[in-house]
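If you read the sequences in order, they're chains W and D. Mapping of the first sequence onto the numbering used here: residues 1 to 247, in sequence order. Mapping of the second sequence onto the numbering used here: residues 1 to 303, in sequence order.
Calculated from the structure, these hints are not laboratory results. You can take every hint at face value.
Cross-link-like lysine-lysine pairs, in silico, DSS-like; alpha carbons within 27 Å at most:
# : chain 1 : residue 1 : chain 2 : residue 2
1 : D       : Lys-101   : W       : Lys-2
2 : W       : Lys-2     : D       : Lys-70
3 : W       : Lys-16    : D       : Lys-87
4 : D       : Lys-239   : D       : Lys-225
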Amino acid sequence: MKYLKKINILLKKELKDSFLSPLIYILTGLFCLMIGWLFFNYLLQAKTLTTATMTQAVITPIFGNINFIFVFLCPLLTMRAFAEEKKQSTLDLLLRSELTEFQIIFAKFISNFVLVLFMISFTLIFPIILALSGYSDWGVVGSSYAGVLLSIMAYIAVGLFCSSLTDNQIVASLLTFCLLLGSMLMVISVNATDNYLLALLIQYLTVPFHYEGFVKGLVRSYSLVYFVSYLLFFFILTHKSLQSRKW
Amino acid sequence: MNKTSDLAVDIRNLSKTYPGRIALNNVTFSVRKGSVHGFLGPNGAGKSTTLKIISGLIPQSSGDYTVSGKVGFLPEHPPLYPNMTVKDYLKFVLDIYAPDKNAISNVLEVMNKTGLSTVSERLIGNLSKGYQQRVGIAQALVHSPEIIILDEPTVGLDPVAMADIRELIKKLKKDHTIIFSTHQLHDVELLCSDITLINHGDIVVSGPLEQILESLKTKLALSAKVEHFSEEERVKLVKKFNLESAESQFDHEKKNYHLKIILKGSAQIKKEIAQYLATDGIGLLEFFEEKLDLEELFVQMIH
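Work out the full structure, taking the sequences as your base and the hints as a guide.
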């Protein structure tokens, strides 16, 4: 309980900072504009596609787009997490306090995830619109949201790690973007190898491979294991990076 | 010899090495409880490294130290959130440093102590540098530490803000042991009871300020004004009395020479030197003993 209470102290401060800053509202506005326009177009297209279901014509592509847009938005959300603290010399204030490195990381992670939930919450209007036209495959919608949120959690973990490496927010965001895009492009290298096992291994290591299962309504246990391991791996890297200030 | 219980900080053979560089080399000194301890040294001497180790921010490579009580630390760059109000910031710092404390009463007390009550609702980013430094000191105080470490608290401040911070430190010394590093030797003379001088990671001298200045009187400085003085006479004077140095400067306005003589040994030969300078060829006009100030101590010790 005490452990969570300490996380909550920093979390509250982080959320207050974020919601008082114009950045989150600008990013949310941009996101809503882009995703709303795409949803509208997919709906129009769905009318002409007689062979595809509403899930194939609207749900799958719209969630694919949400996922892809967050590859660009997550670096912007997470860039200030540690880079700004370093620049303001406040990271040492946190590290000397009663908070452990992991508590600091969790607080920053949760606050960024809450921001993402705030942004994503505006997309809840899409299922409502679809429901009005008789759509009822809520299992796929639910698993798609789960897939998108798990993927974004992974992006945030990468973003926090990159932000802990530098005191420059632009460098942090570029580094996060390169890492995320690079890991996505790893899928392409799967085609370059004749080794089936290697191809399978590379495929398993990429976020989109696991995300695709969720968007089809398949919640595979190994995908859950993958996302949990991915988060833990980057939390440990961030922890090491914070500890390196003491080396 | 100090009893351990009288010491707020006791540092024994502390070393810190970074790849290819020794930042601290077997540093040993202690800080008495209730004292204001000045930590002096040129840039890169190892002051901040020592203070960071004592405050628990970085580990030492070897050696040991004991700190009796909680430590409040103000680093060289005050750790401030510019978008927070002074009150919210101090409450946040108290929450993360002492989650079980009664936040509001502590925060109000510290704001009163540091003269921040009038700006409690203002954003830190909008405050003057002097006030920001006060907020930095307040964050070091808010969780009621016994020892306060201030790393160059007056750096970059205007003279008025500097005097304010000095007054604040004077106020704080009633309830806390204070260690502060500074380049302002005037601050040290005004505030400190003890000093430690560090250079290239080694302790040069450490102890009560009065005692250190007194011990330097073995290197007595004399000042004299004479009618005539030449380079040959200067060399002769140094040789005859085995002086550490003698410098002469011609005063064009008063048409006389100003001599500055530093003695190596005791003050016993002062009279002989005066007699020598009083001879007809030189013509002594004025003769007095100069008190070595901290600035000279600093320069002498560093070189």
